[in-house]
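Asks: Listed below are the residues making up each chain.
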Amino acid sequence: MMKRIWATFYARSLEFVRDRSTMGWNLILPIALVFGLAFVFSGTGQPLFKVGVIADQQTSDTVNKAAHPFLNTAHIDFYPVAANDKTVTMRKVGRHQIDMLVDVRPHEMHYWVNQDSAKGDVVEKLLQASGGTALTKENVTGQEIRYVDWVVPGILGMNLMFSCLFGVGFVIVRYRKSGYLKRLNATPLSASEFLLAQIFSRLLLVVLVTCIVFVGTNLFLHFTMEGSYWLLFLVLVLGSFCLISLSLVVTARVSSEELAGGLLNLLTWPMMVLSGVWFSMEGTHPAMQMLSQLSPLTHMLSAARAIMLDGAGLAQISTQMLVMGFMSIVFLAIGAVMFKWTTD
Amino acid sequence: MQAQGATPNAPIMEVRNLIKHYPKVQAVNGVDFVVPQGICFGLLGPNGAGKTTTIEMMEGITKPTSGEILYKGEPIGARFRAEAGIQFQSTALQDFLTVRENLTYFSSLYPKHLPLEELVAICRLQDYLDRDANKLSGGQRQRMLLALALVNDPAVVFLDEPTTGLDPQARLNFWDLVNSIKARNKTILLTTHYMEEAYNLCDEIAIMDHGKIIAHGSPASLLAEHFQDVVIELPAKDFPEAAAIKIPHRVLDKVTQAVQINTADVNNTLSELMSHGASLAQLQVRPRTLEDLFIELTGKELRA
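Keeping their order, the protein sequence lines are chains U and E.
Heads up: the first sequence is residues 1 to 344, going by this note's numbering.
Heads up: the second sequence is residues 1 to 304, going by this note's numbering.
For the record, the hints were derived by calculation from the structure and aren't laboratory data.
Note that this is a predicted model, so its numbers are computed, not measured.
Misleading hints may appear alongside valid ones.
Stated by the list, open to error - Per label pair, the in silico range of CB-to-CB distance: (1) E:R131 - U:V237: 31 to 41 angstroms; (2) E:N47 - U:R253: 26 to 36 angstroms; (3) E:N200 - U:R18: 38 to 48 angstroms; (4) E:K24 - U:E257: 19 to 29 angstroms; (5) U:E257 - E:G73: 55 to 65 angstroms; (6) U:A32 - E:A82: 27 to 37 angstroms.
Stated by the list, open to error - Here are the simulated EDC-like pairs of lysine to aspartate or glutamate, each with C-alpha atoms no more than 16 angstroms apart in a straight line: (7) E:K246 - E:E272; (8) U:K125 - U:E138; (9) E:K112 - E:D153; (10) U:K177 - E:D95; (11) U:K65 - U:D85; (12) E:K135 - U:E15.
Stated by the list, open to error - Chain E stretches covered by chain U per the calculated footprint, using a threshold of three residues with CB under 8 angstroms from any CB of chain U: (13) 50 to 62; (14) 95 to 101.
Don't be surprised by glycine CBs; every beta carbon is placed ideally from N, CA and C.
Can you make the complete structure from the sequences, with help from the hints?
Replies: As structure tokens, then:
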């Protein structure tokens, strides 16, 4: 069994590596994206312009704007924060991930701002100009998280998602359509052996490519890295495994490249929007946040950012790891049961 | 390279009341036959006769609607997959892999396999081993696909229309290969459109039409059973009208206007033709062929 998996893994990997145009594209695209964004957001930094609000009589969805005149200021994105999330949110102010936290409950009346944040400074002036009950200032310190630090796991994750879903999905559909799977079906190779070989081959390649891109761009951009590289690597491997498994479900029976493309687009675009690739899902409608939890990419990015930006350990990201592990098993089982060698 | 596990001439494969129905087509309608070990068994028929469906059910690729297929007395399963070699009508391979890499890959899928050198020698692939498999000519590609079908030193080899699309020289070369495999006591199941191919390679044939077997036996015995005459062919221009009235015949081809006369008494027919002033300069006398047999049985051209 292992011999057949290894042989199929090796043959598929050779095919991928020798397809220079595809290989090149897999390397160039993420590098171009990371550098492009680093250039666009360099200098001004363009942090997320957000203010967290702790107030009475507000839901997890809406801010109680009557609690203080400042909350009616235009062009600021106020989002509700639960009182027990205060410490976490203060850390975000320190890291420049949000610009200010205000607690406008009558017995509190504080705000937290990072003196080193240009945006925080502007928002503070707007607070002072808004009138209403004066809030007590609390300084928060912390190293700034540039947008590129925040977005780089998103870009690499997005590239990985496309590579896993389209890379494996299209290959299987092509094999099925051309009759290659039919030929393999006439050998002792089983469906699960074939699928595992495809998964491992793509896994090795995407992990390798992502590591090369990460290390290469890091040499120039010096990403913030508070946690363990090994843990980040583990997240990368498990996330990729989960995404590849998902592609097996989509393409288990499809033999038309057009249909496969449509189905994969149907899957990847919502994942790209809802998984926090480009912007944080914090402050979005709770239904959107719930929906985003269905995407494996959400859990991968959330774990990667927690490691890179907050220095999270395995315990802190255990929920994301368990969810990705569970999803992988479910996707793999469905993909193997539904798998068809032939087109009819 | 010796087939093992079956007594010589004992059935290596048995097909019993095989039926395959698709939603709108009854592709195979109750087919029965046995394939003795060590022979070349031909399954013949026009497009849509059900021969590829039958052979794919025997290969385990297509599931029958009902019926039974036995390999060495057992339903086809893991043992069959390990001991069967299959060459489909058309097979795509992975991109960017050489002939050597494809052979090595397929060899590693089987518990037992032939040494690469032996395989290369059998199929005469020495000159193409390190060439991209997708850049071979038609004949070279068929030889490589045959090598893939032989990697596991199979007891039974399925060849589904292996020479379709090949030029005459490549076809003759392929026949040589098939004969060399036969000489190694392998059982071969061959489907083909080409009657000459079946006649030259097959020890036994089954002719299919409309999903059923309409004739089964050795080519010689089938011809002897159905024909006691020979065929005289001559151009229509050499066939006088007076002769046409007296001698039963049919016009074979509207372009060349060849005339065919079936007769058991050649001397008498030739005398009659000469007596009506027919020119015998381009006259040909040939024995009956499998093509004639097929037309006789179905009323259709084999490649219709």
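Asks: Each hint should be assessed against the structure and marked as holding or not.
Replies: Outcome of the hint check:
| no. | hint | result |
| --- | --- | --- |
| 1 | E:R131 - U:V237: 31 to 41 angstroms | holds (37 angstroms) |
| 2 | E:N47 - U:R253: 26 to 36 angstroms | holds (27 angstroms) |
| 3 | E:N200 - U:R18: 38 to 48 angstroms | holds (40 angstroms) |
| 4 | E:K24 - U:E257: 19 to 29 angstroms | holds (26 angstroms) |
| 5 | U:E257 - E:G73: 55 to 65 angstroms | violated (43 angstroms) |
| 6 | U:A32 - E:A82: 27 to 37 angstroms | violated (49 angstroms) |
| 7 | E:K246 - E:E272 | holds (9 angstroms) |
| 8 | U:K125 - U:E138 | holds (14 angstroms) |
| 9 | E:K112 - E:D153 | holds (7 angstroms) |
| 10 | U:K177 - E:D95 | holds (14 angstroms) |
| 11 | U:K65 - U:D85 | violated (19 angstroms) |
| 12 | E:K135 - U:E15 | holds (15 angstroms) |
| 13 | 50 to 62 | holds (count 4) |
| 14 | 95 to 101 | holds (count 4) |
Hints 5, 6, 11 from the list above are not met by this structure, while the remaining hints are.
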